[in-house]
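Just need the whole structure built from these sequences, with the hints factored in.
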Amino acid sequence: MRIGSLRRTEIVYGYAFILPIVLGFALFLLGPIVYAFIMSFSNWSLMNDLEFVGADNYIRALTEDPVLWTTLRNTLYFSAGMVPINIVVALLLALLLRRKLPGIGLFRTAIFTPVVVSFVVWSIVWKFIFATDGGLVNLLVRQFGGTDIPWLYSMTWTMPVVILVSALKNVGMNMVIFLGALQTVPTSYYEAAKIDGASPWKAFRSITLPLISPAIFLTTIITIIGSLKVFGQVYVMTQGGPGTSTYVMVYYIYRLAFRSFEFGYASTIAFILFFIILLLTIVQWQLRRKWVHYEQ
Amino acid sequence: MNNKGIVGQIWIYAGLTVVSLGMLFPFFWMVTTSLKPESAVFQFPPQWLPNPPVWQNYADIFTKMPFGSYFFNSVYIAVIVTAGTGLVAAMAGYSFAKMQYPLRNPIFLILLSGMMIPTEVTAIPLFTWMSELGWVDTHIPLILPPMLGAGAIFGAFIVRQFFITIPDELDEAAKLDGCSPIQTFRYIMLPLAVPALATVSIFTFLDRWNEFFDPLIYLNTKELFTLPIGLALLTTDAGVDWPLLLAASTVATLPLLIVFFMAQNKFVEGISNTGLK
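These protein sequences, in sequence, are chains A and B. Under UniProt numbering, read the first sequence as residues 1 to 296, first letter to last. Under UniProt numbering, read the second sequence as residues 1 to 277, first letter to last.
It is worth saying that the hints were derived from the structure and are not from the lab. Backbone N, C-alpha and C fix where the C-beta goes; we use that ideal spot for every residue, glycine too. Some hints could be false.
[Stated by the list, open to error] Distance condition first, Cα-Cα at most 30 Å in a straight line; then the derived BS3-like pairs of lysine-lysine: (1) A:K229 to B:K266; (2) B:K266 to A:K100; (3) B:K222 to A:K229; (4) A:K194 to A:K100; (5) B:K64 to B:K222; (6) A:K290 to A:K229; (7) A:K290 to A:K202; (8) A:K100 to A:K202.
[Stated by the list, open to error] Partial list, derived from the structure: chain A residues whose beta carbon lies under 7 Å from chain B: (9) Y13; (10) I18; (11) I21; (12) L96; (13) S118; (14) V120; (15) V125.
Here's what the structure looks like:
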């Protein structure tokens, strides 16, 4: 009898303890995503009341909205540049930093520092460094006899600069994740390889790489997802320009929803982004399942 | 150690020094520029160190913009959300790890799936709801949804993973001694979870201190701005006053850097332990 009432108490308190987080999930995550999906089939805006238009928004987006394709192309350009630089540099640094040399922690701290600061501050400083008229980069270019390059006002250079600045900001994050993965590789494997006369490159190819490849793939997917949502650095450094050369998807969603107040169509574009992210997340889950199984 | 090994080590140190200095250079340039008068900023050849350093910019940020308000708003919003998220995450994490009730694990998995919902998508309906409630241009949308949303779920996950490693006997002993579930949680479990909660707090505070999208869409009144939006909007003005802006950026970044250098192991461990799980 007493056991039964204790059991009931635990059930009641168990639910009570998760009540705030479940409410938060319902009100601020599940509710909005369902509502956004419904809105994406309407022409709701500041001008129009909510009125359903079927799949018109999706048809408009995919067949007659050149801006969407521009922003999609720019976003993919950003990802294609940022993700490989970030992953390769992070991996190289992790390989150097995993050695137990005196003072190595200082380097880890230094490289991780940009991760802590806000994208806004980081972008402001780099915008200043890449300023056309008297920014540090151009001062150095002048010192070597060159002429000023309009880094942030050029169809060619602006996106590469944004890519570089973004990759540097978060390289420390992935480096730390790779360091964690490298620590799980048993040192005895390397000793055995050394005895067998394997070169360091061979040991990297045949031991390190296969053992940390799950970490590399998962980190890559997380980084891709993050890169598809690029916004803050574009807002601060370029405002999508010059022309539309850095006009990315989230910037387009922001302009549609919160500058033109076209809530319906903005939701449609947001959902197209969400579908892409969902697809990548499913790939990630599948790979993770496979690897967890493989590790067991 | 043979010669080849030493040469190799020198190369490693050299490479790491170059990379580290490169990563820290923007901070150096931010601080030194903030100590220059505007006339010296674009000087050719570049002035590497301010000569002499000018502190006027640091006084000007408080008179030429409502910097004090930006700073205060950032601090109090980040502190409230961090405290709230910590409490919500601790309660849920404890419940998911230690209490037995129907549908516990399915509920947990459903909540976890919420973490992949992009805020860029949910922001649109939330904005329309907040404006119905008359909460646009207030701090409520910057506090309530983040406190109970994806950040809290991430926190609950970390706390749960932590409590799973604590033996059940502790919980049972407290129960036999007549502790109510709330007492057990408050006096036995919560003190134990301090390391996990420190990780959660660091991530939450950092995330909120740096948040840009939410204040950008919700706030119109300058006095309500937080630091990131206050700073960002200065860059879009024509004719940016760089030393002033970089002085403001320095003050906005300093608290973060101090906390980071003091607790950097906590940051790094937090990421290696949670980054891939």
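Could you tell me which of the hints above the structure violates, numbers in ascending order? none
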